[in-house]
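So the protein lines, in turn, are chains R and S.
In terms of this note's numbering, the first sequence opens at residue 1 and continues consecutively.
In terms of this note's numbering, the second sequence opens at residue 1 and continues consecutively.
Be careful, since some hints might not be right.
What the hints assert, rightly or not - If you want the ones that stay clear, here's a sample from chain R, every Cβ over 10 Å from chain S, calculated:
| no. | residue |
| --- | --- |
| 1 | A162 |
| 2 | E180 |
| 3 | A247 |
| 4 | E290 |
| 5 | W331 |
| 6 | W348 |
Said to hold, decoys possible - Here are the simulated lysine-lysine pairs, DSSO-like style, with alpha carbons at most 30 Å apart:
| no. | chain 1 | residue 1 | chain 2 | residue 2 |
| --- | --- | --- | --- | --- |
| 7 | S | K310 | S | K353 |
| 8 | S | K147 | S | K201 |
| 9 | S | K243 | S | K116 |
| 10 | S | K276 | R | K235 |
| 11 | S | K109 | S | K276 |
| 12 | R | K185 | R | K111 |
| 13 | R | K34 | R | K235 |
| 14 | R | K133 | R | K14 |
| 15 | S | K364 | R | K231 |
| 16 | S | K147 | S | K21 |
| 17 | R | K235 | S | K116 |
| 18 | S | K58 | S | K116 |
| 19 | R | K337 | S | K276 |
| 20 | R | K29 | R | K14 |
| 21 | S | K116 | S | K152 |
| 22 | S | K353 | R | K337 |
| 23 | S | K364 | R | K235 |
| 24 | R | K232 | S | K243 |
| 25 | S | K243 | S | K67 |
| 26 | S | K243 | S | K186 |
| 27 | S | K364 | S | K353 |
| 28 | S | K199 | R | K189 |
| 29 | S | K243 | S | K310 |
| 30 | R | K291 | S | K364 |
| 31 | S | K199 | S | K364 |
| 32 | R | K337 | S | K40 |
| 33 | S | K310 | S | K116 |
| 34 | S | K109 | S | K152 |
| 35 | R | K133 | R | K34 |
| 36 | S | K310 | R | K235 |
| 37 | R | K111 | S | K276 |
| 38 | S | K186 | S | K40 |
| 39 | S | K243 | S | K364 |
| 40 | S | K21 | R | K337 |
It is worth saying that the hints were derived from the structure and are not from the lab.
Glycine residues also receive a C-beta, built at the ideal position from the N, C-alpha and C atoms.
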Amino acid sequence: MAESENIVVETAEKIFADLADAQTINSDKTGSWKAPLWQALSEAGLPLAWVPDDLGGSGASLAEGFGVLNAAGRFAIAVPLAETMLAGWLLAQAKIASPDGEMTVVPASPKDRITLNADGTLSGRARGVPFAKSARHFAVLAHGNGGISIALVEAGKGRIEAGLNVGYDESDTVTLDKIEPVAIKPAPKGFDQTTLMLMGGVVRSLQIAGALESMLDISVRYSNERVAFEKKISKFQAVQHNLARLAGESAAALAAATSAADAVANATSFDDAVYLEAASAKIRCAEAAEKGGAIAHQVHGAIGFTMEHILHRYSLRALAWRDDFGSESHWAVELGKRVAARGADELWPLVASR
Amino acid sequence: MTAALRFDPIRLPAECEQLRKEVRAFLAEEIAAGTFDPNKPNREDTDAPEFSRRVGAKGWLGMTWPKKYGGQERSFLERYVVTEEMRVANAPTRRFFVADRQSGPVLLKYAPEHIKMDILPRICRGELCFAIGMSEPNSGSDLFAAKTRATKTDGGYLINGSKIWTSSAYIADYMIAIFRTSPPTKENRRHGLTQFLVKMKQPGIEVNPIGQITGQYEFNEVVFTDYFVPDDHVLGEIDGAWKQATSELAYERSGPERFLETYYVLTELVRAVGDKPDTRSAEGIGRLVAQLHTMRRMSVSVAGMLQAGKEPVVEASIVKDIGTVWEQQLPHRVRDLAAFVEETASNRETLEKQLEFALRTAPKLTIQGGTTEVLRGIIARGLGLR
């Protein structure tokens with residue numbers, strides 16, 4: 001990790017620790033923590049970290065931004081930081097300047113499609129868009145006759161059906177009906193919806209890996225405090241082995257996500273090797289969210305199943321993040337097809353390519 | 001954070017890619033010459049002394065060791081590339097694998113200079129096969145329950161007792177074994193074992209092959225009767241083998257051989273489903289490839305840490321835990337998917353034969369070289385639970 005990356009990530013971690021403490025947020029029924037947290041993040045230039053200076057952002061590197069999002073996962077941050085960063089990154093691909101305030105990305109699923117109409121307006125429906133209700137702007141990827149375009153749209157112009165994901169965060173359906181964008185430009189050559197989904201998948205993978213690190217941390221701590229049958233439950237071999245498996249899932253998620261992030265940060269294009277990294281990260285992190293989260297809950301017993309306890313802030317979000325930018329089932333089918341199309345003897349060279 | 005587990009995204013340096021090409025070209029030549037069939041992991045004859053010498057001649061054995069002992073002073077990451085290419089090709093590495101991975105590094109660390117000068121260059125030339133003498137009939141995972149005695153005598157020790165499950169003992173030239181030199185103490189039940197270098201082809205040793213459920217005879221019982229080991233064959237501290245055992249584990253436990261042992265069935269499945277798989281096959285293959293890729297990235301990361309001089313014992317244990325459970329499940333998952341492969345697939349018979357062997361192999365993978373239970377105990381200790 002470069003020196004500067006440490007500084008950006010440390011800045012984010014300090015803000016999270018000061019203003020996004022899981023216990024404080026969990027006890028706060030009014031949501032009063034949100035505004036100060038967002039303000040501090042904005043003042044630090046984090047939401048637009050991936051936007052170059054000349055487009056209104058703070059011009060951090062991809063690696064720095066990925067580090068911030070891994071930390072955001074460790075704190076299970078429930079404001080649209082990842083979404084705004086991703087939106088800013090998408091807009092920057094087409095050299096569109098980012099406005100202030102919360103943003104999100106439309107579409108957020110490989111199944112949905114936004115169309116660029118002949119008259120320059122945008123139409124289409126996107127389900128499961130994270131934090132659409134809180135967003136002031138959308139960064140939109142649209143398909144038109146002339147290819148792929150990237151657009152900035154005022155959120156108020158779309159129709160939003162509010163919803164919540166498994167982790168109780170906003171996950172909304174956005175309908176655009178002949179909406180005029182604030183700005184629209186062609187996407188760079190080779191950039192398509194798959195590129196956006198892969199990037200979104202890497203972001204979610206890092207968040208899941210972060211959440212698992214915290215689940216491991218609080219589960220180990222709890223097992224060293226909780227006494228049952230006259231000893232700490234950490235002394236039972238069954239519990240130890242469960243926690244060892246949780247450590248394994250956490251490690252696998254971290255390795256897959258940071259490897260994919262590193263691949264994307266150093267890639268000149270989203271070639272087969274980067275595709276393997278990004279798709280694998282989403283698949284493996286999603287599996288880890290399921291297996292690891294189940295163990296964290298098992299260790300905590302009934303207390304971890306209560307709203308009062310912070311565990312669900314990590315466990316349910318990790319499960320919810322699996323669904324964004326293509327589920328593990330989606331990526332597994334796509335990766336499997338690619339592997340089959342390359343042929344059996346090209347599988348190992350692909351796996352060993354990095 | 002309680003658990004500071006690190007898996008930095010290590011990339012193989014450029015020199016590895018050139019090396020990989022050389023290894024692939026070499027293996028292709030060996031296959032063409034009929035040295036081995038990469039599609040037959042279940043062949044009877046896994047010992048290939050001439051192949052072993054040719055690998056040595058390439059400079060691919062002991063490649064991280066000092067040049068004065070015949071090594072190449074190359075990096076762990078380069079060794080990693082050679083190991084994974086050999087494994088994926090199902091190359092017959094039995095004769096040199098243990099010596100290169102484990103025994104050589106032990107000798108480098110603990111053997112007297114004249115022994116190092118004698119033995120290490122011969123390992124590098126592919127001339128020597130090593131076995132590991134750890135388990136005994138009543139001491140497997142519980143290493144420190146070993147009872148086979150080394151009794152002090154003039155100029156050395158007399159060994160009496162037996163080792164068991166010793167792979168390759170019938171072809172091995174040497175064994176690195178632990179024997180009991182003192183009883184355990186009340187304070188430390190691990191005390192009293194000493195590591196020795198044992199010359200195999202010498203009177204006082206009897207090797208009895210044991211049939212395995214794969215139909216192979218890889219492991220053996222090794223019986224010692226008043227077998228003499230000279231003083232200069234003691235490796236490290238008398239009674240202190242327990243201090244030496246743990247640091248080797250990171251080398252032994254995190255390599256590509258810890259998740260690639262049944263890899264061949266995945267390749268063959270991909271061949272069988274063809275270039276346009278149905279959704280179920282595609283999804284199944286995609287998941288398996290994602291899991292494989294992740295383990296390899298974890299394993300490469302540990303190799304990078306070893307190269308940097310660290311001792312990532314917990315990380316290495318995690319790699320072996322996840323890797324061996326995966327390679328054990330792999331033939332079963334491939335079998336699930338193979339049920340839908342067309343009867344007409346040209347490699348159907350090859351796949352079925354391979355699956356048969358892989359399914360018979362699978363149970364051992366989570367036992368050999370540190371059971372899943374032992375590994376999870378080590379991880380739990382690393383987490384501060386024990």
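Checked hints:
no. : hint              : verdict
1   : A162              : 32 Å, holds
2   : E180              : 39 Å, holds
3   : A247              : 5 Å, violated
4   : E290              : 12 Å, holds
5   : W331              : 7 Å, violated
6   : W348              : 5 Å, violated
7   : K310/S <-> K353/S : 42 Å, violated
8   : K147/S <-> K201/S : 23 Å, holds
9   : K243/S <-> K116/S : 21 Å, holds
10  : K276/S <-> K235/R : 51 Å, violated
11  : K109/S <-> K276/S : 53 Å, violated
12  : K185/R <-> K111/R : 23 Å, holds
13  : K34/R <-> K235/R  : 40 Å, violated
14  : K133/R <-> K14/R  : 27 Å, holds
15  : K364/S <-> K231/R : 34 Å, violated
16  : K147/S <-> K21/S  : 47 Å, violated
17  : K235/R <-> K116/S : 44 Å, violated
18  : K58/S <-> K116/S  : 21 Å, holds
19  : K337/R <-> K276/S : 7 Å, holds
20  : K29/R <-> K14/R   : 23 Å, holds
21  : K116/S <-> K152/S : 23 Å, holds
22  : K353/S <-> K337/R : 25 Å, holds
23  : K364/S <-> K235/R : 28 Å, holds
24  : K232/R <-> K243/S : 29 Å, holds
25  : K243/S <-> K67/S  : 28 Å, holds
26  : K243/S <-> K186/S : 17 Å, holds
27  : K364/S <-> K353/S : 19 Å, holds
28  : K199/S <-> K189/R : 66 Å, violated
29  : K243/S <-> K310/S : 17 Å, holds
30  : K291/R <-> K364/S : 24 Å, holds
31  : K199/S <-> K364/S : 27 Å, holds
32  : K337/R <-> K40/S  : 27 Å, holds
33  : K310/S <-> K116/S : 24 Å, holds
34  : K109/S <-> K152/S : 23 Å, holds
35  : K133/R <-> K34/R  : 14 Å, holds
36  : K310/S <-> K235/R : 29 Å, holds
37  : K111/R <-> K276/S : 21 Å, holds
38  : K186/S <-> K40/S  : 51 Å, violated
39  : K243/S <-> K364/S : 27 Å, holds
40  : K21/S <-> K337/R  : 27 Å, holds
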